[in-house]
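Colleague: Kindly generate the complete structure, drawing on both the sequences and the hints.
Residue numbers (my numbering), protein chains in the order written: chain A, 4 to 225; chain B, 22 to 294.
Hints may contain errors.
Ranges between beta-carbon positions, derived for each pair [as the list claims (entries may be wrong)]:
no., chain 1, residue 1, chain 2, residue 2, range
1, A, 74, B, 160, 48 to 56 Å
2, B, 130, A, 83, 21 to 29 Å
3, A, 76, B, 177, 26 to 34 Å
4, B, 193, A, 44, 50 to 58 Å
5, A, 83, B, 129, 38 to 46 Å
6, A, 206, B, 146, 30 to 38 Å
7, A, 209, B, 157, 22 to 30 Å
8, B, 251, A, 206, 43 to 51 Å
9, B, 146, A, 44, 33 to 41 Å
10, B, 200, A, 209, 39 to 47 Å
11, B, 81, A, 80, 29 to 37 Å
12, A, 83, B, 124, 23 to 31 Å
Since the hints were made in silico from the structure, they are not lab data. Just so it is clear, CB atoms sit at the ideal spot from N, CA and C, and this is done for glycine as well.
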Amino acid sequence: MDWTALWLSLRLSTITILLLLPIGITCGRLLAYRDFRGKGFVEAIVALPLVLPPTVVGYYLLVSFGASSPLGQVWQNIFDHSLVFSFEGLLFASIIFNLPFAIQPMQRGFESIPADIRDAAACCGMSPWTVLTKVELPLAWPGILTAMVLSFAHTLGEFGIVLMVGGSIPGETRTIAISIYDRVQAFDNAAAAQMSALLLVLSLVVIALVFTLSRRAGQSYN
Amino acid sequence: MAHFVHYKNNLAVKNVRNLCLSLILMLLVLPTQVQPAQAPIIAAASDLQFALTDIAALFQSQTGQSVKLSFGSSGNFARQIRQGAPFDIYFSADESYVLKLFRDGLTRDPGTLYGTGRVVIFAPHNSTLRVDGSLDGLRRLLTTDQVTRFAIANPEHAPYGRRALELLRHFGLWSEIAQHLVIGENISQAAQFATSTSAQGGIIAYSLALSPKVSTLGSYALIPEKSHSTLRQRMVLLNDAGAVAEQFYAFVQRDDVRAIFRQYGFTLPSSNN
Numbered sequence: 004m005d006w007t008a009l010w011l012s013l014r015l016s017t018i019t020i021l022l023l024l025p026i027g028i029t030c031g032r033l034l035a036y037r038d039f040r041g042k043g044f045v046e047a048i049v050a051l052p053l054v055l056p057p058t059v060v061g062y063y064l065l066v067s068f069g070a071s072s073p074l075g076q077v078w079q080n081i082f083d084h085s086l087v088f089s090f091e092g093l094l095f096a097s098i099i100f101n102l103p104f105a106i107q108p109m110q111r112g113f114e115s116i117p118a119d120i121r122d123a124a125a126c127c128g129m130s131p132w133t134v135l136t137k138v139e140l141p142l143a144w145p146g147i148l149t150a151m152v153l154s155f156a157h158t159l160g161e162f163g164i165v166l167m168v169g170g171s172i173p174g175e176t177r178t179i180a181i182s183i184y185d186r187v188q189a190f191d192n193a194a195a196a197q198m199s200a201l202l203l204v205l206s207l208v209v210i211a212l213v214f215t216l217s218r219r220a221g222q223s224y225n
Numbered sequence: 022m023a024h025f026v027h028y029k030n031n032l033a034v035k036n037v038r039n040l041c042l043s044l045i046l047m048l049l050v051l052p053t054q055v056q057p058a059q060a061p062i063i064a065a066a067s068d069l070q071f072a073l074t075d076i077a078a079l080f081q082s083q084t085g086q087s088v089k090l091s092f093g094s095s096g097n098f099a100r101q102i103r104q105g106a107p108f109d110i111y112f113s114a115d116e117s118y119v120l121k122l123f124r125d126g127l128t129r130d131p132g133t134l135y136g137t138g139r140v141v142i143f144a145p146h147n148s149t150l151r152v153d154g155s156l157d158g159l160r161r162l163l164t165t166d167q168v169t170r171f172a173i174a175n176p177e178h179a180p181y182g183r184r185a186l187e188l189l190r191h192f193g194l195w196s197e198i199a200q201h202l203v204i205g206e207n208i209s210q211a212a213q214f215a216t217s218t219s220a221q222g223g224i225i226a227y228s229l230a231l232s233p234k235v236s237t238l239g240s241y242a243l244i245p246e247k248s249h250s251t252l253r254q255r256m257v258l259l260n261d262a263g264a265v266a267e268q269f270y271a272f273v274q275r276d277d278v279r280a281i282f283r284q285y286g287f288t289l290p291s292s293n294n
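Modeller: Next up, the structure:
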């Protein structure tokens with residue numbers, strides 16, 4: 004049982020969704036409320052990590068912030084270690100490959116708010132921030148929650164991209180999914196079975212919890 | 022809407038929210054504060070899966086220091102090291118990778134030879150393959166068209182894969198068997214495939230076959246060294262290696278520790294270079 008790897012995975016997933024929350028809300032709102040030329044193209048770009056094989060995403064991430072890339076070199080100069088093969092590198096990759104999981108459900112959530120409710124709030128003299136926090140977020144909450152859960156679960160399970168961008172460095176980039184892979188290769192089936200069962204139960208609990216909560220949140224509006 | 026505002030003002034909800042926020046804050050802050058001095062990270066060829074794990078355990082029990090082990094194909098690690106992977110020591114199953122890294126300034130010195138590896142042909146129990154060092158059993162299976170899956174490591178970046186290709190060519194079996202090959206990313210994965218009942222067998226590392234976890238899964242036979250280029254295995258300290266890494270590097274060269282390499286089928290070098 005690789006507790007370090009489990010802790011690493013939980014940290015990665017949690018920090019990812021915390022960083023994705025403002026990004027998702029901003030982009031989800033924008034795509035929900037505005038109609039502009041090229042909107043279809045933007046939505047396609049957002050959805051890209053969904054359809055691309057993880058190795059393609061991994062390859063382009065390596066090219067974008069590997070040791071020979073401008074971004075990678077800037078990072079190396081500032082922090083004295085490479086961006087790939089580090090937890091921060093995984094975080095970058097994780098935010099990018101979770102964009103569709105974060106943005107799309109939030110966009111649906113904001114789209115479901117009837118326009119006249121927002122108009123009414125504005126007519127009441129509420130500031131845009133008040134409209135956001137007191138009207139839009141409560142109404143779009145199930146969509147936001149779904150987005151967070153999907154991103155969390157997806158990060159917990161991501162394998163190919165994490166392996167390519169992170170290597171499998173114990174304590175730094177060896178997530179629990181990779182640890183299971185590593186244990187199988189080491190002919191340690193007992194550990195692999197333990198960790199797989201734990202992940203299965205954890206994933207079920209997280210998803211069940213969120214579906215229950217989102218049903219309650221949905222019910223309170225009626 | 023008023024109903025929901027009341028819900029949000031509920032004290033219980035506020036407490037839960039505060040608890041969640043503090044947990045999240047802990048999650049962000051804790052790792053940077055609680056981390057002890059980093060244990061050195063060792064990149065090791067997969068054929069050392071069992072041998073190096075034993076050695077690391079011995080190191081821990083004798084010095085109280087621990088090391089982090091990462092196993093994979095030698096070629097893959099060499100690539101990662103060039104890309105800045107934070108390893109302290111690199112154990113390669115093929116010394117040419119180490120020597121190239123030294124030539125390119127990524128290591129302190131040309132490293133130290135720690136042994137020579139051997140390959141075996143392995144067949145899981147109930148396989149139709151009969152193992153022998155001259156591959157007659159394999160040849161027979163091939164001519165009677167009974168080979169469906171045969172496992173080797175990737176010849177492109179795994180030293181044992183390259184030797185498998187060489188020896189299969191040496192025995193004149195390569196062209197027939199190529200279409201049936203299952204390629205493992207490293208010699209451990211190849212051993213996984215070779216020991217599974219879905220393959221007739223494979224070419225794996227002697228050091229892996231000697232471990233009870235593998236040897237109990239089937240039978241194997243040593244393949245003569247003259248059928249492939251030697252597997253001279255070299256270890257080296259990388260540029261940023263710290264004190265504990267240097268300690269481990271010296272530890273591995275002690276006579277009693279080198280005996281562990283011998284136990285796992287490595288031929289010890291007569292001199293250290």
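Colleague: Could you run down the list of hints and mark each one as holding or not?
Modeller: Results for each hint:
no.: 1; hint: A:74 / B:160: 48 to 56 Å; result: 54 Å, holds
no.: 2; hint: B:130 / A:83: 21 to 29 Å; result: 23 Å, holds
no.: 3; hint: A:76 / B:177: 26 to 34 Å; result: 28 Å, holds
no.: 4; hint: B:193 / A:44: 50 to 58 Å; result: 57 Å, holds
no.: 5; hint: A:83 / B:129: 38 to 46 Å; result: 19 Å, violated
no.: 6; hint: A:206 / B:146: 30 to 38 Å; result: 35 Å, holds
no.: 7; hint: A:209 / B:157: 22 to 30 Å; result: 56 Å, violated
no.: 8; hint: B:251 / A:206: 43 to 51 Å; result: 47 Å, holds
no.: 9; hint: B:146 / A:44: 33 to 41 Å; result: 58 Å, violated
no.: 10; hint: B:200 / A:209: 39 to 47 Å; result: 45 Å, holds
no.: 11; hint: B:81 / A:80: 29 to 37 Å; result: 36 Å, holds
no.: 12; hint: A:83 / B:124: 23 to 31 Å; result: 25 Å, holds
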